[in-house]
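**Student:** These protein sequence lines map, in sequence, to chains A and B. At position 305 of the first sequence the residue is numbered 305 (the numbering used here), and the sequence of numbers has no breaks. At position 243 of the second sequence the residue is numbered 243 (the numbering used here), and the sequence of numbers has no breaks.
Please keep in mind that the hints were generated in silico from the structure rather than gathered at the bench. Only a predicted model underlies this, so the values are computations on that prediction, with no experimental measurement involved. Please note that the accuracy of each hint is not assured.
What the hints assert, rightly or not - In silico negatives: residues of chain A with every beta carbon more than 10 Å from chain B:
| id | residue |
| --- | --- |
| 1 | 21 |
| 2 | 110 |
| 3 | 127 |
| 4 | 133 |
| 5 | 194 |
| 6 | 202 |
| 7 | 294 |
| 8 | 298 |
| 9 | 300 |
Stated by the list, open to error - Stretch by stretch, here's where chain A covers chain B in the computed footprint (C-beta under 8 Å, at least three residues):
| id | stretch |
| --- | --- |
| 10 | 43-57 |
| 11 | 101-110 |
| 12 | 120-133 |
| 13 | 210-218 |
| 14 | 248-258 |
| 15 | 265-271 |
All C-beta atoms, glycine included, are put in the ideal place defined by N, C-alpha and C.
Each chain is listed here by its residues.
Protein chains: 2
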Amino acid sequence: MTLLVVGSIALDSVETPFGRREEVLGGSATYFSTAASFFGPVRLVATVGEDFPDEHVQFLAARGVDVAGLERKPGRTFRWKGRYEFDLNQAHTLDTQLNVFADFRPELPAAYRGSEYVFLGNIDPDLQRRVLDQVRAPRFVACDTMNFWIDSKRESLLRTLRRVDMLFVNDAEARQLSGEHNIVKAARRILTCGPRALVVKRGEYGALFFTGDHVFAASAYPLQSLFDPTGAGDSFAGGFMGYVARSGREDPDVMRRAIVLGGVLASYAVEQFSLEGLKALSHEKIRARYTEFRQLTHFDDLELDLFENGSPNG
Amino acid sequence: MTLLVVGSIALDSVETPFGRREEVLGGSATYFSTAASFFGPVRLVATVGEDFPDEHVQFLAARGVDVAGLERKPGRTFRWKGRYEFDLNQAHTLDTQLNVFADFRPELPAAYRGSEYVFLGNIDPDLQRRVLDQVRAPRFVACDTMNFWIDSKRESLLRTLRRVDMLFVNDAEARQLSGEHNIVKAARRILTCGPRALVVKRGEYGALFFTGDHVFAASAYPLQSLFDPTGAGDSFAGGFMGYVARSGREDPDVMRRAIVLGGVLASYAVEQFSLEGLKALSHEKIRARYTEFRQLTHFDDLELDLFENGSPNG
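I would like the entire structure built from these sequences, with the hints used as guidance.
**Tutor:** Set out below in structure tokens:
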């Protein structure tokens, strides 16, 4: 089924304890599209400047990403510069130059308007709704956001949330959005705001998935080499939405597998800088790590007679 | 099979955002014994002062905890006073009065010396070895420790580790002990120091279990009411060791179930103050939450044909 993403495309400069890269391909829509492209075609809505290297556009197009919605505008491409310390869960922004992204007014090509699955990357919630207004009858809409929008555009964000099926946030954002410290209570509160499903991303600890009557806890894959966490959340969302769109179903079992696949894509993404980890990926590697995730987390039922025959107490 | 624990017994005064309790029953050996007692008898080695309420001894004895190794000495019982903020993963110690615990020299009753399963609670590593010296032929020895011993008695701790099968630590302790920030590398390093198995406890995020060729990631049960994290780690260890001792086997499948049962016991312990949560527990509740843990974490295999028929890339 058809999958549309709106988000940022950036040139990132990143420092981690393991190295640095200057002006490499980044942005939420880039990571999302690349991760989702393993499962099917993706329609991209984003903006870049005149200085954006053609090779990056060709890379996306070659992966089956429809770039008809990629607008090239006079001016420079969005730049983000950040640093990670040993605690790779926390990005420290050193510099943000919005450039052409500051005037982003997403316009969907006519061919995109029938899209069934929609991912609203982490952009101004006004623009997220502007995209939704242009999609005729979306079947399943997921949305990302961040502390900046929760703080500065709360009312607009709440209006967006009323129109989405699923929200992706991290622990801190879930707490900030809900005003609840306990993550289960935070999730319950958020599920009264519109979304019927919520993913709480917890970095190296994995993710929790909540719906009205259902919780799923996914562990993160314990990685020995974690080089660059940039794009982990968008790779996660890309793996998730790519699989759900390919399945064309949103039942709990599909959602669980989608969460795990999100974790698989994110785990490969962070093993290398920029998009290198995703570029080196294959269907075989996705399947292999998915199987490793099962081996990592599954366990048998208890013996039926465990508490019989002389077991005290209870 | 026979299970022995050495550790502290304390009177705890605890403040959390949800309330406070004064001089309630606490200590590593207390939580461990109570949790383990659901699976079989426990032999306790600990010390208390003249002021220790008899009702607590009777409580333990009534649960099948052998108190022959509980030494009552002139002086006051160990007191600990602590506070938790909303981040319940982190205890802030307000006051520690070791009292009779300062002169603890564990002596095993003759009947304890044939114990097969041994848990060395978080005490001076010299004393941990003193206990081991008195056990004739332990089959499986597990050990807890903390930042204080890693820092102040590192060499002694390393001598203890060479004699244990399994170590329980939290993330920060694993990093401190190994000098590695990455938790997988930290685990690999620790497994060269003696233990053939390692549990890294991650509070509300769950636990990782490592052996030479095997990793298991257990999620914590997402709790809506978490009142008092005191004793969570010892309840975890008690559930783990109680189950392993009852099984009489240490193969990977038993270890996985034991980790999950540790999480079950810990989850109930933290839902109420002091030992109230464990006191209210039953075999039925243990089994019910174990089943919930499976439902919480399990997911199906991927469709065999997922990447066939028009799936791009890969």
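**Student:** None of the hints should be skipped; say for each whether it holds.
**Tutor:** These are the hints, each one checked on the structure:
With 10 Å as the threshold on Cβ separation, the claim that residue 21 (chain A) sits away from chain B holds: the shortest Cβ distance comes to roughly 20 Å. Chain B leaves residue 110 (chain A) outside its interface by the beta-carbon criterion, the shortest separation being 23 Å against a cut-off of 10 Å. Its beta-carbon lying about 28 Å from the closest one in chain B, residue 127 (chain A) satisfies the requirement of being farther than 10 Å from that chain. Residue placement check: residue 133 (chain A) keeps its beta carbon more than 10 Å from all beta carbons of chain B (closest about 29 Å).
Listed as a non-interface residue, residue 194 (chain A) keeps its Cβ farther than 10 Å from every Cβ of chain B; the least gap is roughly 21 Å. At the 10 Å boundary, the C-beta of residue 202 (chain A) falls inside the reach of chain B, the nearest C-beta of that chain being 7 Å off. With a closest Cβ-Cβ approach of about 7 Å to chain B, residue 294 (chain A) is found to fall inside the 10 Å limit, against its non-interface label. In this structure residue 298 (chain A) is not separated from chain B by more than 10 Å, as the shortest Cβ-Cβ distance comes to only about 6 Å.
For residue 300 (chain A), the requirement that its beta carbon stay farther than 10 Å from each beta carbon of chain B is not met, with the minimum near 6 Å. Counting residues of the stretch 43-57 of chain B whose CB lies closer than 8 Å to any CB of chain A gives 0, so the stated coverage by that chain is violated, three being the minimum. Under the rule that three or more residues need a Cβ within less than 8 Å of chain A, the assignment of the stretch 101-110 of chain B is violated, with 0 such residues. Coverage of the stretch 120-133 of chain B by chain A is violated [criterion: at least 3 residues with CB-CB distance below 8 Å; count 0].
For the stretch 210-218 of chain B, the proposed coverage by chain A is satisfied: 4 residues have a C-beta within less than 8 Å of a C-beta in that chain, meeting the threshold of three. Coverage of the stretch 248-258 of chain B by chain A holds [criterion: at least 3 residues with CB-CB distance below 8 Å; count 3]. Proximity of the stretch 265-271 of chain B to chain A, defined as three or more residues with a beta carbon under 8 Å from a beta carbon of that chain, is not established by the 0 residues found.
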